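Peer 1: Join the two chains, each given in its own frame, into one complex according to the hints.
Quick mapping for you: the protein sequence lines, in order, are chains A and B. So the first sequence is numbered by my numbering: it starts at 25 and just counts up by one. So the second sequence is numbered by my numbering: it starts at 8 and just counts up by one.
These are calculated hints, taken from the structure and not from any lab test. Owing to the predicted nature of the structure, the values given are computational and were not obtained by experimental measurement. We treat Cβ as the ideally placed atom computed from N, Cα and C, and that holds for glycine. Incorrect hints may have been included.
[As the list claims (entries may be wrong)] Straight-line C-alpha distance at most 20 angstroms; calculated SDA-like pairs for lysine to any residue:
| id | chain 1 | residue 1 | chain 2 | residue 2 |
| --- | --- | --- | --- | --- |
| 1 | A | K61 | A | T145 |
| 2 | B | K12 | B | M209 |
| 3 | A | K124 | B | V132 |
| 4 | B | K189 | A | T237 |
| 5 | B | K115 | A | K124 |
| 6 | B | K12 | A | R118 |
| 7 | A | K122 | B | N9 |
| 8 | B | K12 | A | S120 |
| 9 | B | K12 | A | G63 |
| 10 | B | K12 | A | D117 |
| 11 | B | K115 | A | A240 |
| 12 | A | K124 | B | K12 |
| 13 | B | K12 | A | T237 |
[Unchecked claim] Covered stretches of chain B (in silico footprint by chain A; criterion: 3 or more residues with CB under 8 angstroms from a CB of chain A, positions within the stretch not fixed):
| id | segment |
| --- | --- |
| 14 | 67-78 |
| 15 | 155-168 |
[What the hints assert, rightly or not] Using C-beta positions, here's what the derived DEER-type ranges look like:
| id | chain 1 | residue 1 | chain 2 | residue 2 | range |
| --- | --- | --- | --- | --- | --- |
| 16 | A | A240 | B | L86 | 27 to 35 angstroms |
| 17 | A | T234 | B | V121 | 20 to 28 angstroms |
| 18 | A | K122 | B | E82 | 47 to 55 angstroms |
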Amino acid sequence: MPAQSAQRRKIDIMTTGFGLSIGSGKDFLPSIRINGKDGGVERSTWDGSERGLEVVDDLVCLMDWATLQVGWVEFTDRGPDKRLVAIGDPLPDRPSEKHKQGVQVVVYLPGGLGCHEICSTAIGVVGALERIYDASIAAPEWQQGKVPVVRLTEFQKEKTKHGNRAVPVFEILDWKDRPAELDEHKAAPKPRAAIPASTSTSRPAATGSTQMTPPASVTRAPVPDFG
Amino acid sequence: MNPFKAHGLDHISVSQLNLWAAAPGIYVMERLLGHRTPVGAAAHRGTAVEAGVIAGLMGSSLNEAIDTANAVFTERTALSSDPRRDKERDALAGMVERGIELLGPWGKPDRTQVRKEWRMDGIAVPVLGFTDAEYDAHGLIIDLKTSHALPSTIRTSHARQVASYVGAGSNMSGGVAYVTSKKSALYQLENASAHVAALTRMAHSLQNFLAISTDPHELASLITVDTDSFYLADPRARQNAFDVFGV
Numbered sequence: 025m026p027a028q029s030a031q032r033r034k035i036d037i038m039t040t041g042f043g044l045s046i047g048s049g050k051d052f053l054p055s056i057r058i059n060g061k062d063g064g065v066e067r068s069t070w071d072g073s074e075r076g077l078e079v080v081d082d083l084v085c086l087m088d089w090a091t092l093q094v095g096w097v098e099f100t101d102r103g104p105d106k107r108l109v110a111i112g113d114p115l116p117d118r119p120s121e122k123h124k125q126g127v128q129v130v131v132y133l134p135g136g137l138g139c140h141e142i143c144s145t146a147i148g149v150v151g152a153l154e155r156i157y158d159a160s161i162a163a164p165e166w167q168q169g170k171v172p173v174v175r176l177t178e179f180q181k182e183k184t185k186h187g188n189r190a191v192p193v194f195e196i197l198d199w200k201d202r203p204a205e206l207d208e209h210k211a212a213p214k215p216r217a218a219i220p221a222s223t224s225t226s227r228p229a230a231t232g233s234t235q236m237t238p239p240a241s242v243t244r245a246p247v248p249d250f251g
Numbered sequence: 008m009n010p011f012k013a014h015g016l017d018h019i020s021v022s023q024l025n026l027w028a029a030a031p032g033i034y035v036m037e038r039l040l041g042h043r044t045p046v047g048a049a050a051h052r053g054t055a056v057e058a059g060v061i062a063g064l065m066g067s068s069l070n071e072a073i074d075t076a077n078a079v080f081t082e083r084t085a086l087s088s089d090p091r092r093d094k095e096r097d098a099l100a101g102m103v104e105r106g107i108e109l110l111g112p113w114g115k116p117d118r119t120q121v122r123k124e125w126r127m128d129g130i131a132v133p134v135l136g137f138t139d140a141e142y143d144a145h146g147l148i149i150d151l152k153t154s155h156a157l158p159s160t161i162r163t164s165h166a167r168q169v170a171s172y173v174g175a176g177s178n179m180s181g182g183v184a185y186v187t188s189k190k191s192a193l194y195q196l197e198n199a200s201a202h203v204a205a206l207t208r209m210a211h212s213l214q215n216f217l218a219i220s221t222d223p224h225e226l227a228s229l230i231t232v233d234t235d236s237f238y239l240a241d242p243r244a245r246q247n248a249f250d251v252f253g254v
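So here's chain B without its partners, still in its complex pose (with noise of 0.2 angstroms):
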C-alpha cells in the first residue's frame, strides 16, 4: 500500500502541500489524525467573494453579485463565534465590485470551478484542484485571491497553485487576481514550470514522511508545532494541539 493511502488519502492538493511545507505539524493534527477546527470567516469571506464576482462575471447586476456573495458569507458563517466575522462581512461588498472591475474586461469566463486532476513523477496518489475561471480566447486561467492587503507579488503559495493548473497539461497561461475592498491588480505568473517542480518536491518530502509509519500518532510524536502559529488562533485549534503534540 502506498504511503498515502496507508494514511487515507487517495489524492492531494496544492493546499494540502503548501499546509504541509507551512506547518507540518498543523498537517499531522489536521489531516491524519482528523482534528479539524472550522475555518475562520477570512476563508469564507474569500468563497464569498468568489462566488460574488464570478456571478457578476457571469452576467449578473452587481447588487445581484454583492447579494450571492452576502449570502453565500451567511450561509458558511452562520454557527460561527469567529470575532472577525462583522469585518469580513464589511469587506464583502468592496471586494466584489473590485473584482468585477478587474476581470470584467477580459469577458465573461468559458468554464469555471473546472476540476484538474494530474500526477506528480514518483507520488503514489493524483493531484486534485479546481480553477476560478478560465478564458479560451485569452488561453488564461485565473485564481482569484481576497486580502485586506494588496501583495505587490505573487504569493508563493498562489503561484504554486495556478502553477499547478497551468501545468496540467494544458497550454494556457496562469494569472492570479487579487482583490480588497479599494485595491485590485491581476498578475501574470512566471515560472510556472519550477513551481511545479517545487510542489513535486514538497510531495515526495511528505511522501517520505508518511512512509515512516503508519500510525499517525508516530508520525506526531516526530515533530511539533509553533503555539504562536495563527493556524492555532482557534481556541479549539490550541486545545487540539495541547491534545496531540503536549504544547
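This is chain A alone, in the form it adopts within the complex (with noise of 0.2 angstroms):
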C-alpha cells in the first residue's frame, strides 16, 4: 500500500511528551515510532496544541542519512533524554546506566506530512537501520546526492532470552532528490580540528626556571630558664 493512502487511525490523545524537542519550536520534529518488540509503526501528530499517535500500517519515506545521529538516548515519560552527535563526533560520555545506545535519522513522509524524526535504542531496530544506512551510503546515487525511498516490508518476530522482538526489514524502492525540507536537518560533524579554544593568554606558558630551596631546618626557640 503506497504511503499516500495509508490508512491513519487516531488512537489516542497522549497527555506526555511523546514528540521530541517539544517546545523548542525551530528544532520541533514529529516523530515516528517502530516498535521493536511487537512490532508496528506509530507516527506523532503533534501539531502544537494536541498530541496524539496514528497507526502507519505501511511506511514508506525519503530516509535521509546525512541528518543520521548516534549517541545516548533514555526513553522516558516525560520524552526522551538525547545526547546525540553527528557520526564521525566524538561520543559524550554516557549520561547514565539508564541511557543506550541509539540513532536518530529524521525521514519525509508523502502526502504533505513532511518531516518526522525516527529515534531508536532497540536492537532489532537500530540494527536493521544500520543495514539499510550501509546499503544506502553504498549506492552510487547516494554519492550522487540522491536520497532513498525506504519501504520497511515486514517485520521478523525473534525470540531472545529478553523476550520477544520485532526487527524490522527495510526496502530500498527508489531514489529521489533531496527535498529542502531535510537540508535544514543535516547533521554535519564538527570541524576535526575544532578542540577546546585556549582561555589563556596569547602565548606559550612558561614552565618555570625559578630553583627551590629547602626549606631551613627547624629550629626549637630557645626555652626560658625558670630555674
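Peer 2: Have a look at this one:
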C-alpha cells in the first residue's frame, strides 16, 4: 500500500511528551515510533497544541542519512533524553546507566506530512537501520546526492532471552532528490580540528626556571630558664 | 563507543599525550598497532635512579641506594642490546648521589609512586599517572628526571606531567628535580593550569583523530613519520616504521 493512501487512525490523545524536542519551536519534529518488541509503526500527530498517535500501516519515506545522529538516549515518561552527535564526532560520555546507545534519522513522509524523526535504542531496530544505512551509502545514487525511498516491508519476529523482538526489514524502492526541508536537518560532524579554544594568554605558558631551596632546618625556640 | 575504547584504550597518560604531540606516527605505530620497541637504556637509567634516590630518601645509606639503582638497571637491561648501556650504568651512582643531595634536605617523602587519576572535560577516558614523591609538610609534589645535561628550565613535557598531578584536585605545588651525574637542580613549576589546559587540547586532538576511523591502519595512512627521529634509533623500531608507513 503506497504511503499516500496509508490508513491512519487516531488512537489516543497523549498527555505526556511523546513528541521530541517539544517546546523548542524551530527544532521540533514529530516522530515515528517503530515498535521493536511487538512490531508496528506509529506516528505522532503533535501539531503544537494536541498530542496524539496514529498507526502507520505502510511506512514509506525518504530516509536521509545525512541527518543521522548517534549517541545515548533514555526514553522516559516525560520524553526522551537524547545526547546525540553526528557520525564522526566523538560520542559523549554515557549520562547514566539508563541511557542506551541509539540512533536518530530524519525521514520525509509523503502526502504533505513532511519531516519526522525516527529515534530508537532497540537492538533490532538499530540493526535494521544500520543495514539499510550501509546499503544506502554504498549506492551510486547516494554519491550523486539523492535520497533513498525506503519501505518498511515487514517485521521479523524473534525470541531472545530478553523476550520477544520484532526486527523491521527495510527495502530501497527508489531514489529521489533531497527536498529542501531535509537540508535543514543535516547533521554535520564538527570540524576535525575543533578543540577547546585556549582561554589563556596569547603566548605559551612558561614552565618554570626558579630553583627551589629546601626549608631551613626547624630549630626550636629557646626555652626560658624557669630556674 | 568512544573513540579511545574503539581502539582498546581505557585511559590515557601524559606521556602518551606528549608522544602524540611529538610524533603522531610513532603514537599510531606503538599504541594503536602494537608495534612497540623495547625502550633503550636511557629510559631504564631513569627508572633505576628514581628507585635509588627514593630508597635513599626513605632511609637507605648512599651505598645501599646506589646498589638499589644498579640492581634495577641490571634487571631491566639484562636482555638489552643498547650500545649505550654501559655509559648509562656508569652514570647511575653519581645521579643517585646528586638526587639524594638535592632532595634529602626536604626530608622523607610522605608518599612515593602515588597513583593519580583524573578526567579532562570532554575526554571519554581518564588520565592516569604516578607521582614520584609527595611532601605534605611542604605542600609539594616532585617528579625526578635524569639527564646527561642539566636543563636551565623545566622542559614543557615535564611541566605538563607535573601539572597534571598538581591540577588533579590537590592544593599542592609542583617541582621537577633534574639530576645529572655531576649537577642537580629543583625547579618550581609555573602556570600549572595553563599546562593542564594544553594537555586537554592535546587530548581533544587525539580524540578527534581516533574518531576518524576504528581501523588503526586507516589512521596510519593519514600520517607518516620522521625516519631520523630518535624514536626510530632502534633498528627494530625503524623496521616497524617501514612496515607500517613504507618509508
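Peer 1: Each hint should be assessed against the structure and marked as holding or not.
Peer 2: Hint-by-hint comparison with the structure:
no.	hint	result
1	A:K61 with A:T145	11 angstroms, holds
2	B:K12 with B:M209	17 angstroms, holds
3	A:K124 with B:V132	18 angstroms, holds
4	B:K189 with A:T237	18 angstroms, holds
5	B:K115 with A:K124	50 angstroms, violated
6	B:K12 with A:R118	13 angstroms, holds
7	A:K122 with B:N9	17 angstroms, holds
8	B:K12 with A:S120	18 angstroms, holds
9	B:K12 with A:G63	33 angstroms, violated
10	B:K12 with A:D117	12 angstroms, holds
11	B:K115 with A:A240	15 angstroms, holds
12	A:K124 with B:K12	17 angstroms, holds
13	B:K12 with A:T237	44 angstroms, violated
14	67-78	violated (count 0)
15	155-168	holds (count 7)
16	A:A240 with B:L86: 27 to 35 angstroms	47 angstroms, violated
17	A:T234 with B:V121: 20 to 28 angstroms	24 angstroms, holds
18	A:K122 with B:E82: 47 to 55 angstroms	49 angstroms, holds
Of the numbered hints given earlier, the model fails hints 5, 9, 13, 14 and 16; all others are met.
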